[in-house]
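Sequences listed follow chains A and B, in order.
Every position in the first sequence, counted from 1, becomes a number in the working numbering once 64 is added.
Every position in the second sequence, counted from 1, becomes a number in the working numbering once 204 is added.
Keep in mind that a hint or two might mislead.
[As the list claims (entries may be wrong)] DSBU-like mimics (lysine-lysine), calculated; alpha carbons at most 30 Å apart, straight line:
#: 1; chain 1: B; residue 1: LYS590; chain 2: A; residue 2: LYS175
#: 2; chain 1: A; residue 1: LYS170; chain 2: B; residue 2: LYS590
#: 3; chain 1: A; residue 1: LYS118; chain 2: A; residue 2: LYS170
#: 4; chain 1: B; residue 1: LYS218; chain 2: A; residue 2: LYS175
Since the hints were derived computationally from the structure, they do not count as laboratory data.
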Amino acid sequence: MAELFVGKETEFGERDRKIIAQGELEIGIFRLDGQFYAWENNCVHQGGPICQGKILGRVEEILGPDKTSKGLKFSETDTHIVCPWHGYEYNIKTGRHPGDRNVRLKPYEVKVKNGDVYVVV
Amino acid sequence: MDTGIEQVKEIPIKQIDVYTDTRDILARARKYAVKNKLEDVFICDIDSHHTETEHWHEIIKFISDPVLRAQAMEYQSSRTGAPPYGLNGDFGLRYQDIGGRVPHQSSRREKVEDTSVHRDVTLARRAYESLGLDYQIIFPTPMLFLGVHPQPEMEVYLGDAYNRWTVENVLKADDKLKIMAYLPFGDPDACMRTIEEFGGAPGVIGFMVTSVRFKPIHHNQYMKIYRALEERGLPIGFHAGYYWQDPSMLQVNRFGSMHALSFVWCNVLHMTNWVMNGLPERFPGLKPVWIESGLSWVPWLMQRLDHTYMMRTSEAPLLKRKPSEYMREMFYTSQPLELDHMKAVECTFDMIDAKNSLLYASDWPHWDFDAPSTIWDLPFLDEQAKRNILGMSASKLFKLKVPATKKKIAA
């Protein structure tokens with residue numbers, strides 16, 4: 065086990081990220097709702113640079129009481145990272161694909177010590 | 205002193221966008237190619253694309269009709285807001301990038317400083333070097349809808365202009381880039397002229413019919429085209445597309461739904477006509493290539509047609525074997541390879557005789573492109589089959605030279 069120094073906690077704004085590399089390994093470290101999450105920069109689909117994609121709320125469809133569609137909206141609770149190669153989406157907090165929870169990014173532990181952010185590999 | 209804390213480097217590109225260099229977008233594909241020693245594997249990409257409308261002001265200068273050419277040049281120089289001159293396009297083109305989620309589909313605005321070759325050559329080189337390709341066949345994009353243009357003559361003029369522009373600006377600049385030249389299938393006589401003019405042009409390795417059209421490909425008027433291609437030993441490609449204005453597709457509201465159906469349906473129709481009207485018996489030396497419909501439709505259609513044929517043999521009197529047997533002898537490009545049900549994939553590969561019939565295709569830079577890893581990582585194929593699919597079968601079909609440095613495993 066090794067701890068890789070990512071940067072200062074203050075360098076991360078909300079919904080911000082850093083992508084680091086050590087040898088072949090690439091990891092994206094995200095800050096969301098004040099917490100840190102780290103995932104391998106390797107999309108389960110075809111190995112694309114998932115952590116370098118757009119960050120968007122999960123798209124939800126609004127249904128009326130009679131089950132008629134009332135349009136679409138972005139989720140206020142579920143935030144996704146989207147693979148720029150093909151559009152695979154993953155929940156930034158869980159690393160899971162919204163349509164198949166078995167499709168999941170490889171997680172890494174993040175530690176914050178004295179204002180410094182580390183990822184454990 | 206070893207603190208146990210290791211230094212790392214930061215990758216500067218936090219978010220890939222339309223300005224990102226192709227080599228950065230595909231950096232992980234390049235790493236895969238190096239890690240898996242794909243430099244030893246001969247790889248041909250039978251279907252990639254460029255966006256010809258980015259250079260439409262150049263292409264229209266090659267329109268042979270002086271009046272249309274003048275109209276086009278005037279329009280391109282003074283238009284505001286409207287689509288490029290002469291192109292019909294499709295409504296669905298607006299949605300390909302999944303709302304901007306796939307930037308390389310949206311637009312490629314990366315810097316190109318080399319002015320010694322056309323920008324499209326540089327972009328293609330960045331892609332084929334990243335993906336580890338030896339050859340790349342390129343196709344246009346919005347022009348794939350010309351088969352349903354309300355002015356049939358426009359397909360002839362624009363197809364011809366595109367062929368000329370591409371030969372001059374792209375193919376002559378890079379021997380690794382090839383095309384299947386655009387056949388204006390709405391006008392068989394024009395097709396004959398096209399075959400005559402471009403059949404021996406540098407970099408032209410076959411001819412392409414855009415599959416989005418509503419003319420039956422078994423009509424007698426097309427027989428001279430098939431014979432001409434068979435005599436020249438040039439494959440005919442049916443490049444699929446979607447068409448949201450197809451009446452049946454008008455029932456579908458989501459782009460993905462329409463794309464999933466329409467991109468396959470056009471080739472389902474053409475294949476059915478091709479087989480049931482005995483085209484393989486009429487032109488046994490002509491090699492059809494079914495492009496960009498994926499593969500999952502093929503076993504389905506094989507079963508449908510075999511089942512029907514065995515009861516209604518009298519309606520397909522030219523056939524001497526089951527439809528599926530003819531279909532096994534045709535060629536298919538791999539993209540978009542539907543990999544979500546691996547047992548079905550293996551069955552599909554077996555049914556189409558993939559080790560001899562399947563040709564790797566990337567479809568780069570479109571939103572559903574496939575890297576060579578889609579073939580190299582398949583768990584049920586031996587290495588010979590992977591090498592055949594990635595390039596060796598294409599080298600035989602299109603007579604492409606295999607570099608001496610590439611390892612070849614005897615078939």
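Hint check results:
1. B:LYS590 / A:LYS175: Violated, at about 43 Å.
2. A:LYS170 / B:LYS590: holds (28 Å)
3. A:LYS118 / A:LYS170: holds (18 Å)
4. B:LYS218 / A:LYS175: Distance of about 21 Å is within 30 Å: holds.
Figure legend: structure checked against the earlier numbered hints; the only hint not met is number 1.
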